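Q: The lines below spell out each chain.
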Amino acid sequence: MRWMRTETFAAWAFMAPGLLIVAVFVLWPIIYGIPLSLTDYSVIGETHYVGFENYVTAVQDKSFLTSLWNSLVYVLIVPFIQIFSILMAILVNTRLPLIKAFRAAYYIPVVTSMVAVALMWSWLFSNNGVVNYILLQLGIIQEQVGWLSSSSTALYALMFITMWKGLGYYMVLYLAGLQGIPSELYEAAMIDGASRWQVILRITVPLLRPHILFCTLISLMGAIRVFDEMFVLTQGGPGNATLTSSLYIYQKGLEQFNFGYASALGLIVSVIVGALSIFVFRLNRRGGVSY
Amino acid sequence: MARRVRKVIRYTFTYILLLLLALLMTGPFLWLLSVSLMPGRNVFSNPPAIWPTFIDFGNYVQVWSYMNFPKYIMNTLIITVLGVVFNIVLSCMTAYPLALFRFKGRDMVFALLITTMIIPSSTAMIVHYLTIQWLNLGNSYLGVVLPAAVSVFNIFLMRQTFQGIPSEIRDSGKMDGASELRIWWQLVLPLVKPGIAVIMLLEVMAFWNNFLWPIVVLDDPEKYPLASALTYLNGQFSYNFGWIAAGTIISVIPIILVFLFTQRYYMEGLAGAVKG
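First to last, the sequence lines map onto chains B and D. Every position in the first sequence, counted from 1, becomes a number in this note's numbering once 203 is added. Every position in the second sequence, counted from 1, becomes a number in this note's numbering once 3 is added.
One chain only, chain B, in its complex shape (with noise of 0.2 angstroms):
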């Protein structure tokens, strides 16, 4: 038993539990996709191997490929939510009195649910509502638009809701990142004559460069991940304008307990979203300063 009171022992019955639950709940859903998607697996019926016929369909399937673009417009949403949370950080990165206040204002949609969030934005967007009411008084539309009612706009609303919720967190994080550069660096410029963009320009966003990809990747994953607000809001709709490729995943999955085909269309958008974060690993990887 003197095996027992060894280190390794104690190491493993210390991570047992936790190894356990990542195991099921992390790793296996990795390992079991693979062949469940080579199924017919559903609740009903006899379950067959029909090889990758999954995939043939989905390669075909109109309402997958337009889910599909779909997420990756969504992407587009992603460089706005990082250029709009810097700004934000800059702001916020003061001694000025208040200013804790404003920070915890602007991270309040961050906790609440988007349930809430995607409910209320859902009353603002509508026809008589208050956002057509604002943006007919300024004059900037001509007449009221149903931003989540029409193909053209529907997307782009979900995308302004998702962004809203998001800019907080992403400004806590930039501020951290802003706290860490050495006062030094400002001042030394200040010295030498440098305007304020160009500080912003030539110091602070390139010595933010680790924060810039760490967020970029999490709002990125994000992005094509995107579910609750189309779940709430259009269901993909109108028409599959804001069929996302998670939302139809979920649909033939757990609305229509299709398990093997919403495993290969799962497999298939995580290797598309494997090679889209090497993609933006790499990229960052050129170039960059240390300090």
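Hints listed in this document are in silico derivations from the structure and should not be mistaken for laboratory results. Keep in mind that this is a model prediction, so the values were computed, not measured. Glycine residues also receive a C-beta, built at the ideal position from the N, C-alpha and C atoms. Please note: incorrect hints may appear among the correct ones.
Derived, one-sided and incomplete: chain B residues facing chain D with beta-carbon distance under 8 angstroms [claimed, not checked]:
#, residue
1, P220
2, L230
3, W231
4, Y235
5, P238
6, I293
7, Y309
8, V318
9, W326
10, L378
11, I384
12, S466
Once you've looked at the hints, dock chain D against the given chain B.
A: Structure of chain D alone, referenced to chain B:
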């Protein structure tokens, strides 16, 4: 003088920007609060009702008696407490040896964990559903919580925290003949309280707001947490705007309060997590 004037102008400009942004980020909540206090008024009137012309808690009283909020709040609390406790205990246990022990396979385990963070898993929810059914945990709170009972991110975070602890602490415990479990519980854990607080806050927010997985797992709407119940209410009463507005306000107040009281730790912890 000119410098002083310029400074005042810059401050004024900054505060105007800050206020405009605050209006954009909190305005929708204030508007929702405003209309939830005006029963009988049609929100979709033209021009839309923006300011409260009178204050009446009718919507709150009605939706409270219709929806059995205490029950939903209780459900949410059970799910949140279960989820938070699982996450704290499991990530503290798993990360501890990874940070402070020397054993064969340590680096391999850690590398494997990090890899699972990078691999995207869109199919996860479907396999989770099958696993929960297979474990016979459908329609149970354990089934709601288990798939998120520990996250690799939290393990990573706690490992960073444990690494800041000098190894002499463990050695001294061993000299005194304490068991590994006792060293962990009595000597090490008290030193990582800030790390635990961060996990706690992050997970409170996550579990409190989770609505989709509870809908998938729980067959019985009586067992729904607040956020799921809200989608349910919206599906049934989308015409009764005042009720849903009041229900939404009731559901967001607790989490906003938790955030406001803990925001310092929360924001610092979040920022620290990225640096780590």
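Q: Taking the hints in turn, state whether each one holds.
A: Verification of the supplied hints:
no.: 1; hint: P220; in the structure: 6 angstroms, holds
no.: 2; hint: L230; in the structure: 6 angstroms, holds
no.: 3; hint: W231; in the structure: 6 angstroms, holds
no.: 4; hint: Y235; in the structure: 5 angstroms, holds
no.: 5; hint: P238; in the structure: 11 angstroms, violated
no.: 6; hint: I293; in the structure: 11 angstroms, violated
no.: 7; hint: Y309; in the structure: 5 angstroms, holds
no.: 8; hint: V318; in the structure: 5 angstroms, holds
no.: 9; hint: W326; in the structure: 6 angstroms, holds
no.: 10; hint: L378; in the structure: 7 angstroms, holds
no.: 11; hint: I384; in the structure: 13 angstroms, violated
no.: 12; hint: S466; in the structure: 5 angstroms, holds
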